[in-house]
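2 protein chains.
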Amino acid sequence: MSIKIGLLGMGTVGTGVVQILTDPSGRHPLLQEIEIVRIGVRDATKPRSVGLDPQTFTTDLASIVNDPSIQIIVEVMGGLEPARELILQAIGNNKHIVTANKALLARHGEEIFELAKRHQVYVMLEASVGGGIPIVNVLKQFLGANRLTGILGIINGTTNYILSRMHQEGGNFSEILADAQRLGYAEADPTADIDGFDACDKIAILASIAFSERIPLSEVSREGIRHVSTTEIATASRLGYVIKLIARAQLVSQGIEIGVYPMLIPVEHPLAAIGGVTNAIAISGEPIGEVVFAGPGAGQGATASAVVADLINVCALLSSPGHPLLTCSHSGYAQVVAPRENKFYARFTTLDQPGVIGELGTIFGRYSVSLETVFQQNRSGDIAQVIVITHRVREIDFWQSVAKIKELPTLQEVGAILRVL
Amino acid sequence: MSIKIGLLGMGTVGTGVVQILTDPSGRHPLLQEIEIVRIGVRDATKPRSVGLDPQTFTTDLASIVNDPSIQIIVEVMGGLEPARELILQAIGNNKHIVTANKALLARHGEEIFELAKRHQVYVMLEASVGGGIPIVNVLKQFLGANRLTGILGIINGTTNYILSRMHQEGGNFSEILADAQRLGYAEADPTADIDGFDACDKIAILASIAFSERIPLSEVSREGIRHVSTTEIATASRLGYVIKLIARAQLVSQGIEIGVYPMLIPVEHPLAAIGGVTNAIAISGEPIGEVVFAGPGAGQGATASAVVADLINVCALLSSPGHPLLTCSHSGYAQVVAPRENKFYARFTTLDQPGVIGELGTIFGRYSVSLETVFQQNRSGDIAQVIVITHRVREIDFWQSVAKIKELPTLQEVGAILRVL
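Sequences listed follow chains A and B, in order.
In this text, residue positions in the first sequence follow the numbering used here: the first is 29, and each later residue adds one.
In this text, residue positions in the second sequence follow the numbering used here: the first is 29, and each later residue adds one.
Since the hints were derived computationally from the structure, they do not count as laboratory data.
Just so it is clear, the structure is predicted and the values come from calculations on it, not from any experiment.
There's no promise every hint is true.
Stated by the list, open to error - Calculated cross-link-like contacts (lysine-lysine; reagent style BS3-like; alpha-carbon spacing at most 30 Å):
#1 Lys371(B) / Lys432(B)
#2 Lys145(B) / Lys32(A)
#3 Lys145(A) / Lys432(B)
Same shape as in the complex, but just chain A:
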């Protein structure tokens, strides 16, 4: 069975999606049943890095959403119009939608989802929040046993990158923003990220799924990070906090409290350690307590992974019965191999004599086990502890060295051997 899809847009995310679909081996077997029929672009003659028939590309986007052979539309063009119009048209033609368009969904979700209900098609939106983190589908499908009470997230990579660097370097906001723009971590017009609009779109989407109610975007509180100064960063650090742009939605007795603000986070909080462009989302509920999901919040591969996950899920439903994502799909046994390389920690109890470290080092060297750290501690009487951390070495070499070391007259005991990550 082949499932025919059309793409709207061939920018960073679209290219990532096509790269996955045209190179399916080693990925989910359903991918091999997906056929890219048409891709809508601004310039159909532009050279592309992907190996597709040039005939696949068209500037006539309406022809894609009206093509009767296409079952699923992947919208990765972004922006409000014409994305909205094309998606509505596609739904009207009974096509399923996979989209990464958070701005569109946060503003026109009602119109899109109501039409989708009438036409009994799916609108999948995993890629709209959290990049590669499967947070949307986890909320939809795997936390349904719970009364969800709160969402707390770092869901804008650009601001997290800037704040992380301000903490690390003590640099000021405008300098680091300029550098982030130069490195491609921030847009030329950074307003959507820096002033919290992007995070507002995303928390509105997450909250609407978690709490099963629409969220009017205009009612989401919003504060960006422009006013977070080096003084606050330094003072927060001194007090045991880091400053992060936090998106938060909480169920309270009167309704839902929802907003985006820079907040001081205690350093021991799980979100405090989330640095750079990584995203993380903590979900609280009864009875589960708190679960935290972290991963790349943006980028071609991560976002494409989310788009394709949605595609696989719609394809799985189209090819039921016997849901291929929930059944055991394999039958063979794996080739299990012994660990071949590791980094090791070893503690040797030895006589405290000159030359002991040299003896150990010589034996390790003979077996090509290179050492990162060697030191002696806890000398007591004529006994010493020698601690060794190796570089990444072959397991067989390491264990042969240890066998030889055990024969040393100065060796009293191998105190411990542990692997190092």
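Based on these hints, arrange chain B on the given structure of chain A.
Frame of chain A; chain B shown alone:
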């Protein structure tokens, strides 16, 4: 439509599942269609905390798996037999299975899944690994775009609890184990946890899903934590590491390297911060990079959440078309409320005069804003910075105080106001 289920077992997890199912309001609407028909127990006369008809309970477990009205069997009795026999019988009767039984699946998965394939039923196993973390279903359904390359996890809560306490307190293994047993974090016979058997079962299950091949349990390397001494804990800390029991599976050119060992983890690694009974699992793949999932790895509520998630998923498939987990299920708008309470950080630039802190404190006090921390820093010339961190206070009280403070003749500027998590 009502979907009829039977439970095998009514211990901690079974009770948690029944508590969720008998109190469905505020959870996923599909729960209201699930009807518990029979529960198999050892002693049907034992008083139960859940409000079910005593007739629901039976000691005749075979009668449950042979009951033609039952569509889904939830196996939460644990152990290899008679769980294996009952599950096979239920599958033979074309019933879907939801199970938390990692030991059974890791040993008899082939037999169970092959029979399930023949009878076209689902065997759902979310609760077998990672407690409330939806890792099994995420691997099955949402990472299929990727070529997965590695799994790295803390998947045994007991050992992580013991190692975390050894790091915090410097206590030795046997004392902390005894205390963990007293507190219910370790079993009377702790072998399955302490010696790594439980983690081996779980990593074998995860690897078989991630890499789509069966893993012979006998080929999973295994090392427990009995030999991790206070010396190693202290030395590791000094070198910038923490010791964790790590379950790891990696795709290498010759096959799959898979095992469980105590390992030194660099403190900056995302798994290093996972303390107590929390579980965390990092999945690596191309193109996604790395995603990390963390949450309660055990406990009644968390495990029941996973069991019920599986139940919801099977029910959703039984009640298709129009997959109720993937469509937009809500139509109303949420009641959005302004934030009512928060903890605040404020920095005031003031004249450096005696009594300034007193003035600020008096105003805050008048509006019932109680202060956690007040201090002055960076005096330069006749200007000082006063930093205030409040307790959790009403937003309206805080903002009114700030308005009053702005009127103080000594106040030069409100330098910054941020919320504190």
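Quick rundown of the hints versus the structure:
1. Lys371(B) / Lys432(B): With a Cα-Cα distance of about 19 Å, the restraint between Lys371(B) and Lys432(B) holds, given a limit of 30 Å.
2. Lys145(B) / Lys32(A): Within the cut-off at roughly 27 Å; holds.
3. Lys145(A) / Lys432(B): Violated, at roughly 52 Å.
Of the numbered hints stated above, the single one contradicted by the structure is hint 3.
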